[in-house]
Amino acid sequence: MVCAHSRVLLPWRHQQRPFSNNKILVEMDESTGVAVMKIKNPPVNSLRLELLTEFAISLEKLEIDRGCRGLILTSASPKIFSAGLDITEMCGKSTEHYEAFWRAVQEMWLKLFGSNMVTIAAVNGSSPAGGCLMSMCCDYRIMADNPKYAIGLNETQLGIVAPFWFKDTMMHIVGSRVTEQSLQLGQMYPAPAALKIGLVDQLVPEDKVQSTAAAVMAQWLSVPDHARQITKSMIRKPIIDRLVKQREADINNFVSFISKESIQKSLQVYMDRLKQKK
Amino acid sequence: MVCAHSRVLLPWRHQQRPFSNNKILVEMDESTGVAVMKIKNPPVNSLRLELLTEFAISLEKLEIDRGCRGLILTSASPKIFSAGLDITEMCGKSTEHYEAFWRAVQEMWLKLFGSNMVTIAAVNGSSPAGGCLMSMCCDYRIMADNPKYAIGLNETQLGIVAPFWFKDTMMHIVGSRVTEQSLQLGQMYPAPAALKIGLVDQLVPEDKVQSTAAAVMAQWLSVPDHARQITKSMIRKPIIDRLVKQREADINNFVSFISKESIQKSLQVYMDRLKQKK
Amino acid sequence: MVCAHSRVLLPWRHQQRPFSNNKILVEMDESTGVAVMKIKNPPVNSLRLELLTEFAISLEKLEIDRGCRGLILTSASPKIFSAGLDITEMCGKSTEHYEAFWRAVQEMWLKLFGSNMVTIAAVNGSSPAGGCLMSMCCDYRIMADNPKYAIGLNETQLGIVAPFWFKDTMMHIVGSRVTEQSLQLGQMYPAPAALKIGLVDQLVPEDKVQSTAAAVMAQWLSVPDHARQITKSMIRKPIIDRLVKQREADINNFVSFISKESIQKSLQVYMDRLKQKK
Chain S
1 MVCAHSRVLL PWRHQQRPFS NNKILVEMDE STGVAVMKIK NPPVNSLRLE
51 LLTEFAISLE KLEIDRGCRG LILTSASPKI FSAGLDITEM CGKSTEHYEA
101 FWRAVQEMWL KLFGSNMVTI AAVNGSSPAG GCLMSMCCDY RIMADNPKYA
151 IGLNETQLGI VAPFWFKDTM MHIVGSRVTE QSLQLGQMYP APAALKIGLV
201 DQLVPEDKVQ STAAAVMAQW LSVPDHARQI TKSMIRKPII DRLVKQREAD
251 INNFVSFISK ESIQKSLQVY MDRLKQKK
Chain Y
1 MVCAHSRVLL PWRHQQRPFS NNKILVEMDE STGVAVMKIK NPPVNSLRLE
51 LLTEFAISLE KLEIDRGCRG LILTSASPKI FSAGLDITEM CGKSTEHYEA
101 FWRAVQEMWL KLFGSNMVTI AAVNGSSPAG GCLMSMCCDY RIMADNPKYA
151 IGLNETQLGI VAPFWFKDTM MHIVGSRVTE QSLQLGQMYP APAALKIGLV
201 DQLVPEDKVQ STAAAVMAQW LSVPDHARQI TKSMIRKPII DRLVKQREAD
251 INNFVSFISK ESIQKSLQVY MDRLKQKK
Chain L
1 MVCAHSRVLL PWRHQQRPFS NNKILVEMDE STGVAVMKIK NPPVNSLRLE
51 LLTEFAISLE KLEIDRGCRG LILTSASPKI FSAGLDITEM CGKSTEHYEA
101 FWRAVQEMWL KLFGSNMVTI AAVNGSSPAG GCLMSMCCDY RIMADNPKYA
151 IGLNETQLGI VAPFWFKDTM MHIVGSRVTE QSLQLGQMYP APAALKIGLV
201 DQLVPEDKVQ STAAAVMAQW LSVPDHARQI TKSMIRKPII DRLVKQREAD
251 INNFVSFISK ESIQKSLQVY MDRLKQKK
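Residue numbers (UniProt numbering), protein chains in the order written: chain S, 1 to 278; chain Y, 1 to 278; chain L, 1 to 278.
Where hints are given, some of them may not hold.
Which copy? The list can't say, so a pair holds if one copy fits it or any two copies do.
No farther apart than 20 Å at their CA atoms in a straight line, the calculated lysine to aspartate or glutamate pairs in the DMTMM-like style are these [said to hold, decoys possible]:
no., residue 1, residue 2
1, Lys-40, Glu-60
2, Lys-245, Glu-206
3, Lys-208, Glu-50
4, Lys-167, Asp-225
5, Lys-79, Asp-201
6, Lys-260, Asp-272
No lab work stands behind these hints: they were computed from the structure.
Could you put together the complete structure from these sequences and hints?
Quick look at the structure:
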C-alpha cells in the first residue's frame, strides 16, 4: 500500500514524548494522503492508558495534517486486532487512576468516531470489547475471513457494562434489536456472523485485508472531502454530543461502578482465569 | 422444563385475591430460577381487565422474588398465544371502565417491558395486537413453526390505532420502516414472515417451543444478572420514560378516541363479524 | 389503471395559474379514489422552482379532495423518474432565488412526506438526489426491474450536501448505518441493490410498474382511512416537526452554502461535464 515514492512521515516521533512507548505505529503515504496506524502492544494489543494517550495524540496530529485524508486502523500483531481495554487498568488501582483511564477511553472514542478523515478498520484478528468499539468508530470495517476471529461487545460476560456511548455506537451500525441482544448476552460474533448482522462490512482472506482496505479507501477518497465531512458530522454529531454533555457524569459513573467490591472481585476472577489459561 | 426436584411455588395463590380468576398460571422452578407463566383464558386468551391485573400482580411478585431470574411467557391454550385486548372491554362501557382498562394495559407493558428478569416469549400460537405486544416486550421470542400462526399489530384493520408505545416497542425490534408499513396496514405476519423481518427470533416445531425456551433461557442466565440488568435498563429506560411522562395524557387520548361514536360502531361491526364466524 | 367509467378530473387546470406549465399531470380515478400524478419535464424531469410549485399546489388540491384517498407518483418520461433538483436553479442566481427555490423544495417534502393519502412511488426509471427524495417520501416504492436504473442520494458526488431532513427520510427507511455510508459516498443503487437494502420495496418488469402500483394501492386502501392516517402521522410527525421548527435556519444554511465560490465552481464543473456528455 505504501508505494515506492512515498516516505514514512513521523516528525513527532523525534519530539520528546514522555507518554510514548511507540505502541502506535503510523505510516503516512504522501502520494495517497492515507495513513496506516498499527496498534503494537503484544501479545494482545490491550488498550492501556499509555497506549490510549499515544493513540489520541497520533490521531490528533493526523487530523490537523491537511495532507492526510484517510486513516486505516489495524493491528501490528496477526490474529488479534485488539483485546480491548486492559483489565489491569481497572483492577486494584486508585480512584484517580480509574478517572484518568476512563477519560482516555472517552478521548479515543471522541477523536476516532468524530474524525474528519475517512477511517477504515482493517480488522486482522479478534476484536472484543474496546477493540470492537475502535473498529465500530470507523467508517468501514473489513475483517479477515476466519471464523476463529470474533468481534463484539462482550462486557457483560465479565460482569461489567458497556456504557451508553458504546451502545450508541453499536446501535448506529446494527440497530437497536441486535444491539440489545448483543449487549445483554455479551455476544462475540465469529467473522461470518459479524458480516451477517452488519457489524463488519466485508470479509476478505487474511492476506488481503490491507490491500482491500487501501482499495476501499481510494473509493471513499474519490468523494470531495468537504461534502463528505459535513455529511459525516451531520450524522455523528448528535451521538458525540450526548457524551460531551455528560462526560464528567459518565466518568463518575464508571469510577463508582468499577470501585465496587463485587465488581473488583469478578474482574479478579476473570483475570485469574486468563492467567491459568496461559 | 420443570424438573423432578423442583416444586411449584405459588404462595400468593392462597391469599384472598378478589381480582383473581387464576387466568395466569405460574410455575416456578427453584433449581433453575425460572418461572413459566401461562395465560389461560379460553378460548383465545383475550386480555380482559381482570386478567391484565392478575398478570401485573403475578409479575410483580416474581420480580421481587430474588430466587426468580427468568420468565417464560406462554399460553395454556394450544394454537393461540393471545388474541390481544378484549374488544368487549372497549365497547359500550363507561368512561371510567375505559380508563381503568387502559391503565391496566399500560401497567402490563411497563412491568413486562421493564422487567429485570430475562423474559422469553414462547409463542405457541397466533398473536395479534395486544398478544403481539406482550411477546415484543420480552427479551427473546420463539414461535411455533406453523404458517397458520400469525403475529402482528393489526389494530388499523379494526379501525383503531396502536398507541405510540406499541409503536416504540415494535420499532425497537424491527426498525422504523417495517414498523410504519406494518402499523399502517395492520399487517399480520405468518411465522416464517415474522422470522424474516425479525419480529420473532427463532422458529421451532410446535412441540419444541417450551424446551427451546428453556434452553435459550439457560444461555441468557449464564450472564451475570447485575451487568445484564443494567444493560437492559440502559436501553429500555428511555422508551419506558416516554410513556411514564405522558401516562395520563395517553389514557385521556385513548378514552376520548374509543368513546367516539364512529369508533364504537366499527368495533361493533367487527364483533358482529366475529360472532357470525362462530 | 384508469378504468372505463372513470373520468379525468382536473378542474383547476381551467383556472388561470401563472406558475403552471403543466409539468405535473394529474389523472384522478373517481371509482377508486386514486390519483396518478406524472412528472413531465423532459428530458430528465429536473425539479425546477416552477415545477416544484406546481407540484405542491396540485398535491394540496388532491389532499383536500375528500374523494381522493391515494396517490401514485410517477414519471411521464420512460427511463427517468426524476434527475432531482435542477442544478441551474442553484448556480449563478441571486440569493433571493436560492431562498425561493429551497423553500419550494422544503414545501414539496413537507407536503408529500406528510400526506394523509396513501402515496406510492412508481419508479419507472433512474432517480438520483431529489428524485430519490420524492420516492422516499411515499409510503411504498415499486421500481422497474432494470439494473440500468439507479436510485440514491448522490449529493456528495457533486460536492454538495443532502440536508438533515433528506438524511432523516433515508434513515427512516434504511436505518442509520446504510444511510451514513450512502450519504458519505453519494452512492447510487442499481434497482437490485436498492431492493436489497430496502430503499425500494418491490421490483417488477418495466411494463408492470403502473399496474402493480394500482394493485398495491388497492391493498393499502382496504385499511380504514382514519386509523391509517393517525398511524402515519404518529410516526412521521416528529420527523416533519424537526424541519418545521428550523425551516428558516435551514434556508439560510442552504443559501450561504450554495453561494460559496467554491461550491459554485464545483457545480459549474459538474454542469460543464454534463453538457459535454450531450
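Structure-based check of each hint:
| no. | hint | verdict |
| --- | --- | --- |
| 1 | Lys-40 with Glu-60 | within (18 Å within a copy, 51 Å between copies) |
| 2 | Lys-245 with Glu-206 | neither (40 Å within a copy, 50 Å between copies) |
| 3 | Lys-208 with Glu-50 | neither (30 Å within a copy, 52 Å between copies) |
| 4 | Lys-167 with Asp-225 | between (28 Å within a copy, 18 Å between copies) |
| 5 | Lys-79 with Asp-201 | within (19 Å within a copy, 32 Å between copies) |
| 6 | Lys-260 with Asp-272 | within (18 Å within a copy, 61 Å between copies) |
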